Every structure is written in C-alpha cells, then in structure tokens.
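Use these hints to put chain H onto chain V, whose structure you have.
Protein chains in written order, with the working numbering: chain V, 9 to 199; chain H, 23 to 474.
I should point out that these hints are in silico values taken from the structure, not numbers from a laboratory. These figures come from a predicted structure and were not determined experimentally. Among the clues, some could well be false.
DSS-like cross-link-like pairs, simulated, lysine-lysine; straight-line CA separation at most 30 Å [claimed, not checked]:
id : chain 1 : residue 1 : chain 2 : residue 2
1  : H       : 328       : H       : 280
2  : V       : 165       : H       : 280
3  : H       : 328       : V       : 165
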Amino acid sequence: MHTSYGQYSSALRSPPRRVLIALLLVVALPGVRITPACASATGLAELPRAWLDDRGQPFDLRTLQGHPVVLTMAYATCHRVCPMTMRRLQQMQRDFDRRGNSAEFLVIGYDPDRDDAAAWHQYRETRHLTRSNWHFLIGPRAAVEQTARQLGFEFWKYDEHVMHDTRVLYFDEHGTLLETREAAGYETTLR
Amino acid sequence: MGTTRHPRAYRSRAWVGALLAAGLGHSLVTHAAAKDSDRIAALEQKLDQSLQLIRELSARVHDLEARAPQGTPLAADQRPGAAAAPAGTAAPIPPDTAQRLAKVEQTVTQMAAGAGQHAEEGLATHGFADVGVGNHNAEFPQYRGADVAELDFFLTPRLGSRTRALFELNFEVGSDGNVGVDLERAQVGYQFADSATVWLGRFHTPYGYYNTAFHHGQQIATSLRRPRFIEFEDHGGIMPAHTVGAWLTGAERVGDQKVTYDVYIGNSQRITGGKLDMNNAGNTHGSTIVGGNLGLLLSGALDGLKVGVDVFQTRIEDEDQAPAYVTQVRSYGAYAAYDTDSWEDIAEFHVFNNRDLTGHTGTHRSDAGFLQMGYRAGRYTPYARYERGAFQQSDDYFASQATGSSYYRTALGLRFDVDLVSALKLELAQTHLTDRVIGSYDEALLQYAIRF
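Just chain V, with the same shape it has in the complex (with noise of 0.2 Å):
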C-alpha cells in the first residue's frame, strides 16, 4: 500500500473515557424497554374494529365472525422480512385448499403514514396476492399500535424502515386466538 489515510481525531477517543462510556451504559441499560413478543388479546373481538381495506373502503372485523382467520402485520415496501411472511401464508392458502377448508387472510400495515391503500393495492397486484378472502388492512396509527401490542407484534421504526418479526395468528371460526407462529420457521407457540 502506498497510501497515506490521514489522521482523524475523534471524541472521547483516549481509555480514560471509556470508563465513563462503560458507566453511561451501566446506567442507561436498565431503562431499555422490551416489548415483550407475546399476545394478551385472545380474540379478534378485543381488536380496533375499524379499518380500511386496499380499496379505500371501511373494513370491520366483526364481519369476520364465524370464518377462521390468519392475521399478521407488514409494510409494503419490506423486502427481506415480508416476503417470507407473504411466503408463508400463501403456503398456509394452499393448505386450505388442498383440505377443502376456507379462512380469511387479514395483512394489517405497519406504517399507516406510507402505505395507503394504493400502496397496498399496488401490493396485492405485483405479488398476485389478490383472492378475495385476503384484506390488506389500514388503520390509524394509535388503532395499528394497539393492535400490535395486543398481538405481541414487537416492532419500531427506523426512519423508513419498519423493524418488525413474522408472526402469523390463526383465530377459529369464533374469533378466538388458537395459535402463533413465526413464518421465518423458528418459533411455534400453542396457546
């Protein structure tokens, strides 16, 4: 190498200081808040009711009672963590159709703020994710918060990025929450 890279100077770069570094994060870590990943609704009735679905048009959960339903949560423009979610669900359809079962798919968007119901639409589109038993959902902010949390759907926002896992929950035909899997294969939980 021939190269001369300079000589940058920095803060808090000589070892004194990094004690203090040691003992801010002593002090800081306890205050760090996990959400924890685990649902306390049972039921989709305990769920915001209200939504909107890829067409603009109002969208109420009870109209799904006696129809069992898959549920997870996504953003539109993920490429890496909901396309796997995507995959999953769609294997879950061909497994309903192969049993000559029937569910309702409900894909409730994270991020209200960017994706709008032409975000979506354009979503079902491109992904061919266009059955009618499937409903891309849009909510106000405060309603997709509340949602998550009652779901244990742990997530936080990274500018435009949304960090979010892949749960999928399977309500019965009652509305009643029967199980929770993660589509990335690593974790069931039975309730």
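Here is chain H on its own, set in the frame of chain V:
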C-alpha cells in the same frame, strides 16, 4: 493552524451528560412503574381485607336475619331503588363498606391503567451493532485484523400524535482505534400532515438516495459498508453527510405514483483536521447549506423503482489553512433505485462545480458515483458494486480532505441473514487510488451486524 478549536472532549462530556440524563430518565420511568406496582400490591391487599370484612359482615347479617322476626325490614333494603335480594343470595353490603370498596376498586383500576401506560410510554431504546474481521479495516484500511465498528443506539421518545423526535447515539471506533461517541442525529420535528414533516436539529443531509435510505445501522444495509465517497465525515466521506438546520420532507401521491421531496437549510460545514465538520454549534460567519431533493416512486410495471434528482450549495471554510480558505461547493445529483422482493439495485451520481472564493482559481468540476446490484435469494443476498470518485486536486475542497483523492473500487459481496436480527456479510474488494497517491489494495472483509 491559526484557528481556535473547542476541544472535542468538552462536547463529548456534554454527550455523556446528556446520555446519563437519558439513562436516569429511563431509570426513573422504570422506578416509577415499579413504585406503581408496589402501590397496586398494597391496594390489592386492602381490597382483600375489605372482601374479608364483607364476608364477615355478610355472615353476621345472615345470623341476625335468622334471629329477627319475619317481615322486619333490614336497613339495606330500605335504600331507594334497591332491588330486593333474591332468596339465597348474600345480604347487601353496608353503605359505608360499599363506598370504601368502590373507592378501593376505582383506585386499583386507575393505578393499573397508569402502570400500563407507564410501560408503554417512556423512551423506547433500540439500536444496532457490528463487528468485523479482515485483512484491512473496512473503514480505516491502515488497520488489519478484527475490529469493533460501532454500537448505535436509536432513541425515539413518544411525544404525542404530531411531535416527533429522533436521536441516534453512536459509540464507534475512530481512525485512532479508540472508541468515540457521536450524536449522529438529533432531530425534533412536527408532522403537519402525512405529506409534510418539519425537522430541526442534526439530520442526514438528504442528497442522493443512499444517505437517507441507509443510516448508521449496518444490519439493514445489504452491503458491508457505504460507498466510500458517501461515507460519514469521520469515516472518510467527502460529502457533508450531516446538516444542522431545518428540513422539510414529505411525500404526496400523484395518481398511482408517489412524489417525495426534501428541502433543507442549515449551517454550512467546514473542514478541520482534514475532514468535514457539520458545525453543530453554528458557524461564525452565518453561511448556510441549502438544498433539495425531488424523487418519484413509480408503480405498475415499474413498481419498486425510484428516480430522483438533488442539488445543494454550501460554503466550506478550510480551517486547516490560515487564513481559512473558502470554497463554494455546488453539487448536482441524480439517482435511481430499484428495490423489490428480489432486486436491490442502486445507482447514484454526483457532479461538483466548486468555486474557489479565496484563491480565485476559478471553478473546478469533479464527480463521483456508484452502481450497486443485489439479488435477494432467501437468506442470501449476493451483491456487486462499482464506485468511482474523480476529484480535482486543484480544488481545495477535495485537496484539503484526507480522503479527497480520486479512486475507484470494485466489490463483490454476500449477505447472509442468520435470523431476523442479525446478518453476516462477506466482501471482497479492490480499491485503486489514482491521483494524490497512486496505488491499490485488496480487501477481504467479514462483518457480523445485529439489531436489537
């Protein structure tokens, strides 16, 4: 150097103090929640005692009823509107006990709700970290072996429905090999509508695509590191990656497409110690950086494609020279990013037309750009990148920066998602330095990046 510099240590102490305060704030919130839990436990105990008292009183009432003559009304049954207790049910609760019980129940409910609210409020803390190993350090190639890159805390306190705040506190290893602390972003904003948010503070300058699509957390980036010319200032970047000022940003749907925009104004940056500094405290001459970015998110067959243009102008003082050398930096950029479930392709190009305001050597034209292509195949994302910077060394803006030499770099890499929160990245790269120093070096780098 004839300029007076405030020791960075003082600023660092300020960061340390701020974080200590934040940490104590965390602890107070946690402590408050714990205190509430204690109070709830105490109230629950009182409730149990009250229920026990009720049971005892009920038993006594039953006893009295058994002794009293038939038809003698009980005091409780004389309350207006009170329904007679069905046969076989417990006797009514004495009014004072009922009131006390209602109060206790109400208090318990309020405390429980309050504790739940505490748990949801406060300062949610998340972050990123990455470590690596290689025949060179990915950011500071004079080093070899294993390295700690950064521990990045991302703080987004909940302030209300429209007020926003964002802080990114980064513990990172610098060129001297020691750990430093930097408040990479400190933004407070107000969201007027979905289509408009105003931020004040220190933010990532919204030029091009990469600088605002990817931030300090490496776990979310496909590649192992940023293109060299848009690295952060203290990691060899030659563009003002951070601005301290005001930033209006938003997006508006136009038909099926979406238009994004950014307009910003802030302190003009300076060069000191061979690198750009964003003038956190303001500058002494009041000059500004002004810029904007206009993007278009396409739909239909072109879904996932974003194209855009950007421009900024700033006035950079090179404080490493006495008297300070001043350059008007004007940058024009264009970018395209194709981001789908399978592809992540990014192209970004910048032209610099810089005018020498001190030496009157005229205008100097330089340019830089990169093309990166990645393919997402399940947990594996192979990628390739070509980047190039052709910087006029007669332009003081580049000549005075330690990493302002021209170069080109080719890289092949592979990202493997270990799980949802961690990724391993391998990159093989070759860098050619083409003017200030002629040379090249090859790199084999491995990075383990996580989020939490």
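Structure-based check of all given hints:
1. 328/H - 280/H: Holds: residue 328/H and residue 280/H sit about 9 Å apart, inside 30 Å.
2. 165/V - 280/H: Holds, at about 21 Å.
3. 328/H - 165/V: holds (21 Å)
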